Amino acid sequence: MKCLPRLLVFLLFYSAWALADKKEIKIATVQGLPFSEVVDNEFVGTSIEISTLLAESINLKPTFIHCPFARCLSMVQQGEADMILSVKKLPEREVDLIFLHPAYMTQREPLRFFTLASREISITSFDDLNKLIVGTLRGARYFDAFDKSNSITKVELTSHKQLIQMLLHGRIDAFIDRENSILAFSFLADIQEKFALADYQYDVALNAYIAISKHSKIKDYEEPLSKELQKLIANGTINNILMKTASQRKK
1 MKCLPRLLVF
11 LLFYSAWALA
21 DKKEIKIATV
31 QGLPFSEVVD
41 NEFVGTSIEI
51 STLLAESINL
61 KPTFIHCPFA
71 RCLSMVQQGE
81 ADMILSVKKL
91 PEREVDLIFL
101 HPAYMTQREP
111 LRFFTLASRE
121 ISITSFDDLN
131 KLIVGTLRGA
141 RYFDAFDKSN
151 SITKVELTSH
161 KQLIQMLLHG
171 RIDAFIDREN
181 SILAFSFLAD
191 IQEKFALADY
201 QYDVALNAYI
211 AISKHSKIKD
221 YEEPLSKELQ
231 KLIANGTINN
241 ILMKTASQRK
251 K
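Residue 1 is where the sequence shown starts when you use our numbering, and the numbers rise one by one after that.
Among the clues, some could well be false.
Claimed, not checked - Below, computed lysine to aspartate or glutamate pairings styled on EDC-like, alpha-carbon distance capped at 20 Å:
id	residue 1	residue 2
1	K214	E80
2	K22	E228
3	K23	E228
4	K26	D220
5	K244	D220
6	K89	D203
7	K194	E120
8	K219	E94
9	K89	D144
10	K26	E56
11	K22	E37
12	K22	E49
13	K214	E92
14	K219	D128
15	K148	D127
16	K22	D220
17	K88	D203
18	K61	E228
19	K148	D128
20	K154	E193
The set of hints was computed from the structure by calculation and includes no laboratory data. Just so you know, these numbers come straight off a predicted model, no measurement behind them.
Can you build the whole structure from these sequences, using the hints too?
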């Protein structure tokens, strides 16, 4: 019994040391449900849940930075932030990013083109895009034919909300995105009634990755992060988070 106080002191000291020693991981988080949003001054969304589980599994303390996609990607590429979720793996991005394996999510929702219902714009084929002004998210990649086209007039914007507002005000003819990404903004006045979905769509599954910066000390955690990611995928944890969010969106 005489050893008990000494043991308690040791445990308290060790716990305090462990907490103080917990390394921060800065996560660049694109704002927009279902991935991330601030609700009652708290970060919520699938990206928040998944990155928190991943970071804490190897004793890292997550700190979230909300930013438009292009800014988030740039911050991680330059080492100003350590991690980003839901990015497409591209050769030019591998110069500055390490992609954790495997992909944590496969997006099976088609890319759609949104127009104003009142304008009755018809997009039934890819060629119909050539005569339109199409809004895109700055820094995003969609599909090769669209990304590499020089005949489509594209306007880069920083957020989904800007895409919606530009279309509502007639400053663009259409914008491209996944349907569920836009339905998350249903709180905006009557957008579902005012918008129309074009017949033409690009329906190919896309792997979404988690990437860390090559210019950050977090790059040293590549192996343990990948191993923990594999565990979270194998035991169904990540799928459960994604399914839960999908179910909530349908309500």
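Results of checking the hints against the structure:
no., hint, verdict
1, K214 to E80, "holds (11 Å)"
2, K22 to E228, "holds (17 Å)"
3, K23 to E228, "holds (17 Å)"
4, K26 to D220, "holds (14 Å)"
5, K244 to D220, "violated (32 Å)"
6, K89 to D203, "holds (18 Å)"
7, K194 to E120, "holds (11 Å)"
8, K219 to E94, "holds (13 Å)"
9, K89 to D144, "holds (13 Å)"
10, K26 to E56, "holds (13 Å)"
11, K22 to E37, "violated (25 Å)"
12, K22 to E49, "holds (19 Å)"
13, K214 to E92, "holds (13 Å)"
14, K219 to D128, "violated (44 Å)"
15, K148 to D127, "holds (14 Å)"
16, K22 to D220, "holds (15 Å)"
17, K88 to D203, "holds (16 Å)"
18, K61 to E228, "holds (15 Å)"
19, K148 to D128, "holds (16 Å)"
20, K154 to E193, "violated (25 Å)"
Comparing the model with each numbered hint stated earlier shows that hints 5, 11, 14, 20 do not hold.
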